[in-house]
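S.K.: The primary structure of each chain is shown beneath.
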Amino acid sequence: MKGKLIILLTVLVATLVACSENGTDSSDAKGNGKLSDELIVFNWSEYMPQEILDEFEEEFGVDIVYSTFSSNQEMLAKINAGTVSYDVVVPSDFYVNRLKEQELIQEINFDNIPNYKNISDEWKELPFDPDEKYSIPYMYGYDGIAYNKEKVDEPPTSWADLWNPAYKGHVITMEEPKENFNMLLQYLGYDHTNPTEEQLKEGGEKLKELVPNLLSFKSTPEAEFVSGEAWIGYAYSGAAAVAWKENKNVGFVLPKEGGIRWTDNMVIPKNAEHKYTAEVFINYLLRPEVSKKLSEAYPYGNPNEAAVEMLDDSIKNSPGLIMPEEKIEKTDWGKPLRPEKKKLMNRYFQKAKVE
Amino acid sequence: MIRNIRTAYLMLSPTVFWFLFFLIIPVSMIAVISFATNIGFGDILYDFNIEAYQSAFSSLYAKAILQSLWWSIIATVLCGIIAYPFAYFIANAGKWKNFLLLLVMVPFWTNLLIRLYSWIVLMNNQGVINNILLKTGIIDEPIKMLYTPFAVIVGLVYGFLPFMILPIYASIEQLNKTYLEAAEDLGANPIKTFFAVTLPLTFPGVLSGAIMTFVPAISVFVVTDLLTGGRLLMIGNVIRDAFLVEMNWPLGSAISLLLMILVLLSMITLMKFTSSDDESSLL
Numbered sequence: 001m002k003g004k005l006i007i008l009l010t011v012l013v014a015t016l017v018a019c020s021e022n023g024t025d026s027s028d029a030k031g032n033g034k035l036s037d038e039l040i041v042f043n044w045s046e047y048m049p050q051e052i053l054d055e056f057e058e059e060f061g062v063d064i065v066y067s068t069f070s071s072n073q074e075m076l077a078k079i080n081a082g083t084v085s086y087d088v089v090v091p092s093d094f095y096v097n098r099l100k101e102q103e104l105i106q107e108i109n110f111d112n113i114p115n116y117k118n119i120s121d122e123w124k125e126l127p128f129d130p131d132e133k134y135s136i137p138y139m140y141g142y143d144g145i146a147y148n149k150e151k152v153d154e155p156p157t158s159w160a161d162l163w164n165p166a167y168k169g170h171v172i173t174m175e176e177p178k179e180n181f182n183m184l185l186q187y188l189g190y191d192h193t194n195p196t197e198e199q200l201k202e203g204g205e206k207l208k209e210l211v212p213n214l215l216s217f218k219s220t221p222e223a224e225f226v227s228g229e230a231w232i233g234y235a236y237s238g239a240a241a242v243a244w245k246e247n248k249n250v251g252f253v254l255p256k257e258g259g260i261r262w263t264d265n266m267v268i269p270k271n272a273e274h275k276y277t278a279e280v281f282i283n284y285l286l287r288p289e290v291s292k293k294l295s296e297a298y299p300y301g302n303p304n305e306a307a308v309e310m311l312d313d314s315i316k317n318s319p320g321l322i323m324p325e326e327k328i329e330k331t332d333w334g335k336p337l338r339p340e341k342k343k344l345m346n347r348y349f350q351k352a353k354v355e
Numbered sequence: 001m002i003r004n005i006r007t008a009y010l011m012l013s014p015t016v017f018w019f020l021f022f023l024i025i026p027v028s029m030i031a032v033i034s035f036a037t038n039i040g041f042g043d044i045l046y047d048f049n050i051e052a053y054q055s056a057f058s059s060l061y062a063k064a065i066l067q068s069l070w071w072s073i074i075a076t077v078l079c080g081i082i083a084y085p086f087a088y089f090i091a092n093a094g095k096w097k098n099f100l101l102l103l104v105m106v107p108f109w110t111n112l113l114i115r116l117y118s119w120i121v122l123m124n125n126q127g128v129i130n131n132i133l134l135k136t137g138i139i140d141e142p143i144k145m146l147y148t149p150f151a152v153i154v155g156l157v158y159g160f161l162p163f164m165i166l167p168i169y170a171s172i173e174q175l176n177k178t179y180l181e182a183a184e185d186l187g188a189n190p191i192k193t194f195f196a197v198t199l200p201l202t203f204p205g206v207l208s209g210a211i212m213t214f215v216p217a218i219s220v221f222v223v224t225d226l227l228t229g230g231r232l233l234m235i236g237n238v239i240r241d242a243f244l245v246e247m248n249w250p251l252g253s254a255i256s257l258l259l260m261i262l263v264l265l266s267m268i269t270l271m272k273f274t275s276s277d278d279e280s281s282l283l
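Taken in order, these protein sequences are the chains called A and B.
At position 139 of the first sequence the residue is numbered 139 (full-length UniProt numbering), and the sequence of numbers has no breaks.
At position 8 of the second sequence the residue is numbered 8 (full-length UniProt numbering), and the sequence of numbers has no breaks.
In case anyone wonders, no lab produced these hints; they're calculated from the structure.
Incorrect hints may have been included.
[Said to hold, decoys possible] Keeping only pairs whose Cα atoms sit at most 25 Å apart, straight-line, the calculated SDA-like set for lysine to any residue is:
#, chain 1, residue 1, chain 2, residue 2
1, A, K34, A, F94
2, A, K124, A, S92
3, A, K149, B, I114
4, A, K149, B, G40
5, A, K270, A, E51
6, A, K270, B, T148
7, B, K135, A, S85
8, A, K208, B, F150
9, B, K63, A, P339
10, A, K151, B, K63
11, A, K168, B, G40
12, A, K270, A, S85
Here the structure is a predicted model, which is why all the values come from computation and not from measurement.
Construct the complete structure from the given sequences, taking the supplied hints into account.
M.R.: Pasting the structure below:
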């Protein structure tokens, strides 16, 4: 019996191993200029109109396998696991850096992406990829204050407005601890990229004071702003823009403390099996008329100058889409914290909720 | 004889593999990871370390666990109170029985997330319930239901009620009707019959229903996420955050393991209590 069991086990393990090593016909992996049949794209959810994918499939005869994630951490965990060899992934700014450090992404061959010229200079040579080797910006935006002009008389000017007792029960803030602490630390006047333990603690206490004023922790508060239930909130410019489409009373400002700016960027993982096709796809996305469709569906900031020029005024006027230069300069980039700081930050975040 | 045992083992082997690959190996991996060292961003170093357990036993997590425990106990008890008459009615519904059972199951065909979203629409300040109450003049100001512990309990009861109804139904259905006749013959009124015969005899159904409700209820996180807008935490949220937000796998594994042990212990206690109870009530 034992013998049989061992044989059975070995067979099973062998099949498992064989399965995980799925046969690679990676003539395209080196990027030799031949389109593959398939392209695996990994992007944020609610970030790509189906139309764009369909038209690419039709034009190039490539099947797109499209899957989504809802946080950078989730994306990183899946790429780290390496079970799916994604061809194009869209991480946020400093996660590009992290992926590079872990040697999980590879250099992009810009010769295959002539449309890169459409990207405005402002969104080139970004601090997480200063030599422009690994990433190409997809969309950008700001973390600032969204508000309802009917309920908030004066446009908000500072993070402090979120604590205003007049708005009790109608304030929104983000879901993620890191984003909340970016705001909290910036409000307290500290460097949110490298806070001390004391400063984190102080941020946590500030957050605890905010909780009674909150409607909810939500990173996608569009519905709440459209219905008017949310009056003011720490939110993405893109969320304000989406809500504004339905309710013209929604506005967006960057606070005097600065606010945060971010980009999501297209990268090609190291184990991509269709590198050349991935580059063709990125180039296709950077066509002005394609990028325009992206902006129309999801009115975040578009780094594609040529596409922005083509946009209707109605979309150009979306709150937070085009910001005054001096405001943009005051914004900070967010940066991931070191593990022990991150742990501490989460503790204070959860504490504010539990107590 | 030996041949028979061999065949027996061979026929058991799918189950053995199932347990090995989908229970024993994953749980041991969780156990191993929980003692490893966290170096951030989801990476771990296989160096023995009990730091994860030190954090897991902090007062913050104790509070989160107690809260979850409390809410899921309330939800389980409420489920039991609602489900028993429900199941009793279905079991005695004659030809409608199958149809009613189907109605209990139908909500399962829709994802829990979507069903919870509909509760947001119902319980909102400007939602259906508040609107009806305001229009009929029963209340003057909307009652705040969403974003409160009340919403969590509603979500848990609603989400796991069928898990309670089905086992209770099964045990009422199997109840030997001759006991009821005997009770009646001996002069017990219907109420007495119910409390002295029906309820004790169907108690195993209530018990398995309680376990099937309590276990998923204590570890769920979507209910708090959706119905309280992330303002309240259950232990499920804490575990999810440890993995996905903090990317601290040892911590997440340690809390998962502790939760597993807690659930196991509470089940053992529950069974100890009731099994002795059962026998005495039958005598």
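S.K.: Now tell me, hint by hint, if it's right for this structure.
M.R.: Right, here's what the structure says about each hint:
1. K34(A) x F94(A): 32 Å, violated
2. K124(A) x S92(A): This hinted pair holds, its Cα atoms lying about 15 Å apart.
3. K149(A) x I114(B): With a Cα-Cα distance of about 31 Å, the restraint between K149(A) and I114(B) is violated, given a limit of 25 Å.
4. K149(A) x G40(B): Distance of about 42 Å is beyond 25 Å: violated.
5. K270(A) x E51(A): Violated, at about 28 Å.
6. K270(A) x T148(B): Cα-Cα ~46 Å, so violated.
7. K135(B) x S85(A): Given that 25 Å is the threshold and the Cα spacing comes to 57 Å, the pair is violated.
8. K208(A) x F150(B): 21 Å, holds
9. K63(B) x P339(A): 24 Å, holds
10. K151(A) x K63(B): 36 Å, violated
11. K168(A) x G40(B): Violated: K168(A) and G40(B) sit about 37 Å apart, past 25 Å.
12. K270(A) x S85(A): 9 Å, holds
Hint violations for this structure: numbers 1, 3, 4, 5, 6, 7, 10, 11, all remaining hints satisfied.
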